[in-house]
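Number of protein chains: 2
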Amino acid sequence: MKFIVDKIKLQEAISNTQKAITGKSAMPVLQGICITATKSEITLVGSDLDLTIEARISADIFEEGRIVIDARLFGEIIKKMPNASIEIETIDDKSIYIKCLKSTATLVYMDPENYPSIPHINEDVVLTVQQDIIKHMIRGTIFAAAQDETRPILTGILFEVEEGKLNLVALDGYRVAIRRQLIDCNHNISAVIPSKTLSEVSKILEDSDKAVNITFTDNHILFNLGNTKVISRLLEGEFMKYSSIIPSEYNLKVIANRSDVLNAVERASLMGKEGNTNLIKLDIADDNLIISSNSQLGKAREEVSIILQGESLKIAFNAKYLIDIFKIIEAEEVVMEFNSSISPCVVKNKEDENECTYLLLPVRLVQN
Amino acid sequence: MKFIVDKIKLQEAISNTQKAITGKSAMPVLQGICITATKSEITLVGSDLDLTIEARISADIFEEGRIVIDARLFGEIIKKMPNASIEIETIDDKSIYIKCLKSTATLVYMDPENYPSIPHINEDVVLTVQQDIIKHMIRGTIFAAAQDETRPILTGILFEVEEGKLNLVALDGYRVAIRRQLIDCNHNISAVIPSKTLSEVSKILEDSDKAVNITFTDNHILFNLGNTKVISRLLEGEFMKYSSIIPSEYNLKVIANRSDVLNAVERASLMGKEGNTNLIKLDIADDNLIISSNSQLGKAREEVSIILQGESLKIAFNAKYLIDIFKIIEAEEVVMEFNSSISPCVVKNKEDENECTYLLLPVRLVQN
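Residue numbers (the numbering used here), protein chains in the order written: chain A, 1 to 368; chain B, 1 to 368.
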């Protein structure tokens, strides 16, 4: 194998494929990047079997071939090379020789025969979405996915296509996060993707309107970004019927400035944090939201002006969960809907109530 | 106690005094900031007994008084308050009441009677230096101070005033770092300051030409920055006679571009790091510096163009130590002076050979 490639392009491709290399596998070969040189391009693959990332870059190929090279060391060496063309060549059947201007290095490589084959997927593209949109949808739901493995399916995010709408849904038993986007698609799809792999996918997606093509198979999802492909295994099992959890009616509706509420809750929660509880109380009455908390260290009281439609209400929440939601909504004003102090609260973007729905269960207070 | 103070000023004063609060003391009161309201200003003090930081800010005082308040919680609450005037008042003999616009909090305070008295220092100023200069001098030496406590005096930095020059010196048995600055001072001084406290001092010093007044006593050094005073305990004992270690002659002199050498050493060191050794070899001959390293994972070879005066030489170093030195020198070109493969190497700024001197012991190679 012998090729010459641009340093910046190679560094970017390594950085992308490294995101799939978790270093947790018992197979040493999965610590490596598999590099294949064919015709006029090289392909880099990183994988932990759950997640596989493939990056293609153009190169001058003098001899085709395939090797697996330690991802971390190779990545560090390329990163520190001068910004120029890099020549890479296999020598003596077990090493590669790397040359860039006056810098040279030889590195032992691993046998590519041991590298697992990557899942073959027929790319009959189902969805095309802007990269920044899908990136925001992932970011807007991933925090609500379950952390513990009691119900493995809830550690994933549901990708649901229904009636020309893409819905991303995450829930963990305390809260539900839903983001919606109109798309051009006639299929109905329901697939659950591990949030761990989606977190890496969202790092590769750009904050731009470039397209990403998405393909689903029975076991995998493929994101095709052009020169980079990301393949994730799906989670098996049935996702919770989330739509039945969202209350369709409410007794009480609050319209508030998002950052005013966020700042007030953050301040009030400082007391709770110290006292090992994370409880904050909301007292909603007369166009006024009073947020309070207390612990053995002291107490806090915050007032926020709101627009109130309906009866007054006292309700309590885990401050961290409320902060998560108010941080992730990209809106100046939000709508909060309540039914009672023991029913979930629904939070939406006031400008576009269909863009997202967040639901949070209250903490039931012991009566005095 | 009751006062009204500007939020930004208070936040900055808390942030500065917090740098002395390490949280490692057995005295709970040292987790706190001691706040004293007198006449037209409040004074905040943080201390871990080794290091004491005092910040003064103007305030509207309605009632004088003194309290000690948990530094972390108080700091977080003030930081999250809106950007406006903050009213602070003691209530019910054990709490303070904090009010800022529509935000309020009450916080339990600690008894100021238990707070240790801060060292009294007669400020007969000895030195006046620009803040950015002393900050750079600390930064340029602190990395070479000893980390282990085998010889406690070497964990400090020597502040030496001699013949109108301020020298800062740190050494750990493998390397010596010296920075020099001409100053207007007729005294001769020699004091060793713990590098741990100097690290905090350098965070408070600004990157500006504002003055800092420095006073020495038998046991303490005081940095007076105007509204902020920093007092550090000195280390007891005799510092090593460093000047006798620096060779005054050399057989071989190399002039090189600093960043060329730094980048080459950093690349070559990647191999060494992986193999658990950090050794790099320098082969100096014919206006060429060849840097190489190898481990079981591979090998690297780097070439850097230099100007050589004297004989050729092969010598080896711990790559990390060489990188430390080449990173910290603020010069385009450096001078390296050698005597033999088993004598120390001296590195200087080529533009100003008196500004700094770095010395590094080589690693003795086993002969083949």
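What the hints contain is simulated information worked out from the structure, not anything from laboratory work. Mixed in with the good hints, there may be bad ones.
List of simulated lysine-lysine pairs, DSBU-like, C-alpha gap at most 30 Å [as the list claims (entries may be wrong)]:
1) B:Lys210 with A:Lys299
2) B:Lys327 with A:Lys79
3) A:Lys253 with B:Lys80
4) A:Lys19 with A:Lys2
5) A:Lys320 with B:Lys327
6) A:Lys80 with B:Lys327
7) B:Lys196 with A:Lys320
8) B:Lys348 with A:Lys24
9) B:Lys99 with B:Lys2
10) A:Lys299 with B:Lys79
11) A:Lys80 with B:Lys348
12) B:Lys253 with B:Lys241
13) B:Lys102 with A:Lys327
14) A:Lys9 with B:Lys314
15) B:Lys253 with B:Lys165
16) B:Lys19 with B:Lys2
17) A:Lys320 with B:Lys165
With the Cβ distance kept under 8 Å, some of the chain A side facing chain B (calculated, not the full set) [unchecked claim]:
18) Ala84
19) Lys102
20) Ser103
21) Thr104
22) Leu107
23) Ser244
24) Ile246
25) Leu262
26) Arg267
27) Lys327
28) Ile329
29) Glu330
30) Ala331
31) Glu333
If you want the footprint, here are the derived chain B segments under chain A, 3+ residues with CB under 8 Å [said to hold, decoys possible]:
32) 75-89
33) 136-149
34) 184-197
35) 231-239
36) 314-323
These numbers were taken from a predicted model, which means no experiment stands behind them. Glycine included, each C-beta is placed from N, C-alpha and C at the ideal position.
Tested hints:
1. For the hint linking Lys210 of chain B to Lys299 of chain A, the alpha-carbon distance of about 41 Å lies beyond 30 Å, and the restraint is violated.
2. Our distance criterion of 30 Å between C-alpha atoms is met by Lys327 of chain B and Lys79 of chain A, whose separation comes to about 18 Å.
3. For the suggested pair Lys253 of chain A and Lys80 of chain B, the alpha carbons sit about 27 Å apart, so the restraint of at most 30 Å is met.
4. Distance hint between Lys19 of chain A and Lys2 of chain A is fulfilled; the C-alpha atoms sit about 25 Å from each other, no more than 30 Å.
5. A hinted pair counts as satisfied when its Cα atoms are at most 30 Å apart, and Lys320 of chain A with Lys327 of chain B does not qualify at roughly 42 Å.
6. Under the criterion of a C-alpha separation no larger than 30 Å, the hint pairing Lys80 of chain A with Lys327 of chain B is consistent with the structure, at around 15 Å.
7. Pair hint Lys196 of chain B plus Lys320 of chain A does not hold up; C-alpha atoms about 35 Å apart against a cutoff of 30 Å.
8. A hinted pair counts as satisfied when its Cα atoms are at most 30 Å apart, and Lys348 of chain B with Lys24 of chain A does not qualify at roughly 45 Å.
9. Our distance criterion of 30 Å between C-alpha atoms is met by Lys99 of chain B and Lys2 of chain B, whose separation comes to about 11 Å.
10. With a C-alpha separation of about 17 Å, the suggested pair Lys299 of chain A and Lys79 of chain B falls inside the 30 Å cut-off, and the hint holds.
11. The straight-line distance between the Cα atoms of Lys80 of chain A and Lys348 of chain B is roughly 25 Å, inside the 30 Å bound, and the hint therefore holds.
12. Straight-line distance between C-alpha atoms of Lys253 of chain B and Lys241 of chain B comes to about 25 Å, which keeps the hinted pair within the 30 Å bound.
13. Between Lys102 of chain B and Lys327 of chain A the alpha-carbon distance is near 21 Å, which keeps this suggested pair within the 30 Å criterion.
14. Annotation: proposed proximity of Lys9 of chain A to Lys314 of chain B is violated, straight-line Cα distance about 37 Å (limit 30 Å).
15. A hinted pair counts as satisfied when its Cα atoms are at most 30 Å apart, and Lys253 of chain B with Lys165 of chain B qualifies at roughly 27 Å.
16. Between the alpha carbons of Lys19 of chain B and Lys2 of chain B the distance comes to roughly 25 Å, so the proposed pair stays at or under 30 Å and holds.
17. With a C-alpha separation of about 55 Å, the suggested pair Lys320 of chain A and Lys165 of chain B falls outside the 30 Å cut-off, and the hint is violated.
18. Violation of the interface hint for Ala84 of chain A is found here, the shortest Cβ-Cβ separation to chain B being roughly 13 Å, above the 8 Å cut-off.
19. Annotation: Lys102 of chain A was flagged as interfacial toward chain B, and the flag holds, the nearest CB pair being 4 Å apart, inside 8 Å.
20. The interface hint given for Ser103 of chain A is met, as the beta carbon of that residue sits about 5 Å from the closest beta carbon of chain B, less than 8 Å.
21. Below 8 Å, beta-carbon pairs count as interface contacts, and Thr104 of chain A has one with chain B at about 5 Å; its hint therefore holds.
22. Interface hint at Leu107 of chain A: satisfied, since its Cβ lies 4 Å from the closest Cβ of chain B, which is below the 8 Å cut-off.
23. Checking Ser244 of chain A against chain B: minimum C-beta separation of about 38 Å lies over 8 Å; hint violated.
24. Using the Cβ-Cβ criterion of 8 Å, the hint placing Ile246 of chain A at the interface with chain B is not satisfied: the shortest such distance is roughly 32 Å.
25. A distance limit of 8 Å between C-beta atoms decides the matter here; for Leu262 of chain A the minimum to chain B is near 10 Å, and the interface restraint is violated.
26. Of the supplied interface hints, the one on Arg267 of chain A holds, with its beta-carbon coming within about 5 Å of a beta-carbon of chain B, less than 8 Å.
27. Because the closest C-beta pair between Lys327 of chain A and chain B is about 14 Å apart, greater than 8 Å, the hint is violated.
28. Hint status for Ile329 of chain A: violated, given a least beta-carbon distance of 19 Å to chain B, over 8 Å.
29. The restraint placing Glu330 of chain A at the interface with chain B is violated, with a minimum CB-CB distance near 21 Å, outside the 8 Å limit.
30. The interface hint given for Ala331 of chain A is violated, since its Cβ lies 21 Å from the closest Cβ of chain B, which is over the 8 Å cut-off.
31. For the restraint placing Glu333 of chain A at the interface with chain B, the shortest Cβ-Cβ distance is roughly 18 Å, beyond the 8 Å limit, so the hint is violated.
32. Interface restraint, the region 75-89 of chain B with chain A: holds (5 residues with C-beta to C-beta distance below 8 Å; minimum three).
33. With 0 residues having a Cβ less than 8 Å from any Cβ of chain A, the region 136-149 of chain B misses the three-residue criterion, and the hint is violated.
34. Residues of the region 184-197 of chain B lying with their CB closer than 8 Å to a CB of chain A number 0, which falls below the three-residue condition for coverage.
35. Chain A is given as covering the region 231-239 of chain B, and this is violated because 0 residues of the stretch bring a CB closer than 8 Å to a CB of that chain, at least three being needed.
36. For the region 314-323 of chain B, the proposed coverage by chain A is not satisfied: 0 residues have a C-beta within less than 8 Å of a C-beta in that chain, short of the threshold of three.
The earlier numbered hints that this structure contradicts are 1, 5, 7, 8, 14, 17, 18, 23, 24, 25, 27, 28, 29, 30, 31, 33, 34, 35 and 36.
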